[in-house]
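2 protein chains.
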Amino acid sequence: MNENTLSIFALGGMNEIGKNMYVVQYSDDIIVIDCGGKFPDETLLGIDLIIPDLTYLEENKDKIRALIVTHGHEDHIGGIPYFFKKLNVPVYATRFTLGLIELKLEEHRLLRDTELVTITPDSELQFGTIGVSFFRVSHSIPDCLGIVFHTPEGNVVHTGDFKFDLTPADNQKVDINKMARIGDKGVLALISESTNAERPGLTPSEQMVASHMNEAFMKATGKIFVSTFASNVSRVQQVVDAAKNTNRKLALLGRSMVNVVSVAMERGYLTIPEGMLMDAKEVEQLPPEKVAILCTGSQGEPNAALARLATGNYRDVNIYADDTIIFAASPIPGNEKDVSRVIDNLFKLGAHVIYGSGSSTGMHVSGHGYQEDLKLMLTFMKPKYFIPIHGEYRMLHHHRLLAESVGIEPGNTFIMKNGEVMDIQHGVARQTRTIPAGDTFVDGVGVGDIGSVVLRDRKQLSEDGMLITVITLSRSEQKIISGPDTITRGFVFAKESDALLREVNKLVKQAVNDLENEERRQWNILKQSIKKSVGQFLFSKTKRKPMIIPIIIEI
Amino acid sequence: MNENTLSIFALGGMNEIGKNMYVVQYSDDIIVIDCGGKFPDETLLGIDLIIPDLTYLEENKDKIRALIVTHGHEDHIGGIPYFFKKLNVPVYATRFTLGLIELKLEEHRLLRDTELVTITPDSELQFGTIGVSFFRVSHSIPDCLGIVFHTPEGNVVHTGDFKFDLTPADNQKVDINKMARIGDKGVLALISESTNAERPGLTPSEQMVASHMNEAFMKATGKIFVSTFASNVSRVQQVVDAAKNTNRKLALLGRSMVNVVSVAMERGYLTIPEGMLMDAKEVEQLPPEKVAILCTGSQGEPNAALARLATGNYRDVNIYADDTIIFAASPIPGNEKDVSRVIDNLFKLGAHVIYGSGSSTGMHVSGHGYQEDLKLMLTFMKPKYFIPIHGEYRMLHHHRLLAESVGIEPGNTFIMKNGEVMDIQHGVARQTRTIPAGDTFVDGVGVGDIGSVVLRDRKQLSEDGMLITVITLSRSEQKIISGPDTITRGFVFAKESDALLREVNKLVKQAVNDLENEERRQWNILKQSIKKSVGQFLFSKTKRKPMIIPIIIEI
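Chains A and B, in that order, are what the protein sequence lines are. Per my numbering, residue 1114 is the first one in the first sequence, and the count goes up by one each step. Per my numbering, residue 1114 is the first one in the second sequence, and the count goes up by one each step.
The set of hints was computed from the structure by calculation and includes no laboratory data. Among the hints, erroneous ones may be present.
No copy is singled out in the list; a pair is fine if it fits within one copy or between any two copies.
As the list claims (entries may be wrong) - Simulated crosslink set (DSSO-like; lysine-lysine; CA at most 27 angstroms straight-line):
id : residue 1 : residue 2
1  : Lys1461   : Lys1362
2  : Lys1572   : Lys1645
3  : Lys1461   : Lys1530
4  : Lys1198   : Lys1174
5  : Lys1658   : Lys1572
Assemble the whole structure, with the sequences as input and the hints as a guide.
As structure tokens, then:
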């Protein structure tokens, strides 16, 4: 099937925001793009992280030539440590992206075993039958790449995450002339991100933030706290600049803020004046109008610096009535309630809080292109085939409409699911086969050992708790010699449950006695009978359905 | 304390959206305003509903003269059935509000036992020392009231939920002249809702929806589905009118849509032309351009009509590629993800979907006044004291700023917590005491039998599951005669756990053997020792902390 065929597919990133992983394959040469993680929603009880299903890659590991990483956001690099536990492939990424990958590998103690190769937008690579070149795009993290795959079937372009920011704060300009040249040479297929395909207009420039940030710093009379993603180095630089302009020293709170800022400084992506950085311990010794603080927690994460500051639980630093807190990031869908809780707590401390969704406060702009950005990319590349990626279904759908609006033939846009494969042969694309793809759950150190049964049990336990009843039967006569002993967890208060549990014990005894001796020896029948009568009784009394676990001991 | 004192406090609705319940008391006369429910967030595992703590009212039940209900929304009437299980007090409300209360009491089979009194904006009542009169306000449900309490200390005004809609779709005009007269007579304290205190401007009028609704109906070539809150009768009427204008018959899907529409029709709040309503079964027999459907599920609720339609799981009715679905309601914070899931599924069916937050699509306007509405109310009433209610802290805070901007003295706004009491004597307000107030959890038929221990257990069970290990000891020698038998639920796959559980059994045996006979008889020591060694072992192997339940049987 793969001989002389160009195949394109996603192992993550279709119909979802998160765990991006895309594959371009020609004959026996596989190139993997990104390996992201995704945070579980509240239905995935106890799950820490979701990563792509790596089955196809494991089965074809001898063919994988490279993992190329477009940029360093969690939804593009979060799965890399788990990837390396199973696969050993060289990683290609820009200097800043590699810095973040190294941080992550170090945490998992995998750093020594991996081959990391630094590339630039000018790099040109050859992997078997596939040549690879790059172009710079702007986004909300430094050093982002789009990728061109030069295959015998034609050129395939992957945009990475992008917006067209012609005045980026870090001066890493999106290379539109190179994009035009790539388009002029002919693009067989364009793979483009869809996050903001529902939003009309052109994304505002990152530079917009500077004037608002400076103004807020100028007005503030107390300490200033700014919370943003540490990886948004341009945003961090603008905070540094505003602090410098107003003669404030700067403290960094939160582990990822400290780590990422140090990577950015070491590698020359961030300039902080000598002597400006201070330790958290120094904060309370300076006059408040001399203090600026950069902290994690813009998404309301309960354990991050800002949430702890807001409840007075941060060692060394307190928020007082005249302080100003700036949210320089928009809540990601699903985080709104956590963010609101933190804002409420800050107002309770009497602080000034600058917050609001989207770019309404001027303290945040999106890193993902709006509709006009997406149309620009489609217009530069003029692809024959178009694959919208990186979005929930409605975003992919709107991206298809945008493609049609700039002249892509309606039948030539392929909205695919994770694991659905586009095969191109002799210039003709077909989508006929699928490979395994889905969510792999990470819980603690376990990867893939949690499935639907475990989650179903957790759900039942979480809603109504459980009841355990233990009886001991004599092996010879199958009579009860001890028990029933019944305990509950997560079901009802102990004091409320005494009478209830006495009834349960009666029912258990009765269930045992009601069975003939022969049946009693078949524990499954006995257990079913106990579950049924106790379950019905509890539901009639409480309208709850705890998990009922009969345990039978035979002596 | 209460003799000749006017007291005002909330049992719910402060620092939260939901479970509104306010109390005005003079000497021995208590009047209760509203009795709402609140839906639990995802941290309250298994809880069905939250209602106010009724302790104070139960302890003072002989003093309660009336429960007055401002309007029929869940966050104002949802707790009423639970109120009536403990307290028997006459209920005063307008005709439409009483209709919804009756529906609710009927469900709980409490209808016969309660005294329901119909009032109008012109009613005047006297409860001991307190006279009560009313004024009409506009909101997003018919027949809403503001209340004036005439007490020996002075007049207290409670706004209910309101906006100033001068062109309401139902012609129930907000009575601004009466409000002005009330203000002119002098208001000692104003209790006013704060939901939209963060939003600048004046709320748009409900009539804005009509033209957009008609336009969408005119353009649609297939079936039209509109999802909204059934209680928003004006919105429902506008859908009926648009269907009439385009010669479509109308089907109602979803239990609450059917129930509330029938209450609204019976009581004359909704006019549906003869022969327009049809059964769901008729839908597929008509040409699609002759069909309009009103359905529940605008918040993405997984079991409501729209979510089931979107996945093809609704008996009798299907959505096809050319159909149009209109979300005529904005997602309530916390529901965004559920709503997005439904929208995605609708797009997958190929349907046209009209959606968007706030009033961006023209298909929804808020029922709660924005900043200018709130300032109007404050200006009419010119109260001496101001108590912002019905909002999270940041909303109450912004409402206070609005009050100051129209001339309320800064020290005279009281931002209170649930249970904090404002006492007014000789015209002077003080906030010195508190009464019991908090969340009462409803889980199944249990009210108040779930506390923090049960919830903590549910949380642990939900995240990492549990492990039960049973050993039987001989009473005489305290030797193991059976077990350990170990099972898990919600922890790991069975197939992954065999080796793990063998190790656990070894540890349990060892824990028993390591103890001296004397200690072994103290089961607490034995259990702690098992929990500790098994817990440490499991964490080291899996980084998970399941609940560990050792069960010891002695024979």
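Hints versus structure:
| no. | hint | in the structure |
| --- | --- | --- |
| 1 | Lys1461 / Lys1362 | within (26 angstroms within a copy, 53 angstroms between copies) |
| 2 | Lys1572 / Lys1645 | both (20 angstroms within a copy, 26 angstroms between copies) |
| 3 | Lys1461 / Lys1530 | between (46 angstroms within a copy, 12 angstroms between copies) |
| 4 | Lys1198 / Lys1174 | within (13 angstroms within a copy, 66 angstroms between copies) |
| 5 | Lys1658 / Lys1572 | both (11 angstroms within a copy, 17 angstroms between copies) |
Of the hints listed earlier, there is not a single one the structure fails to meet.
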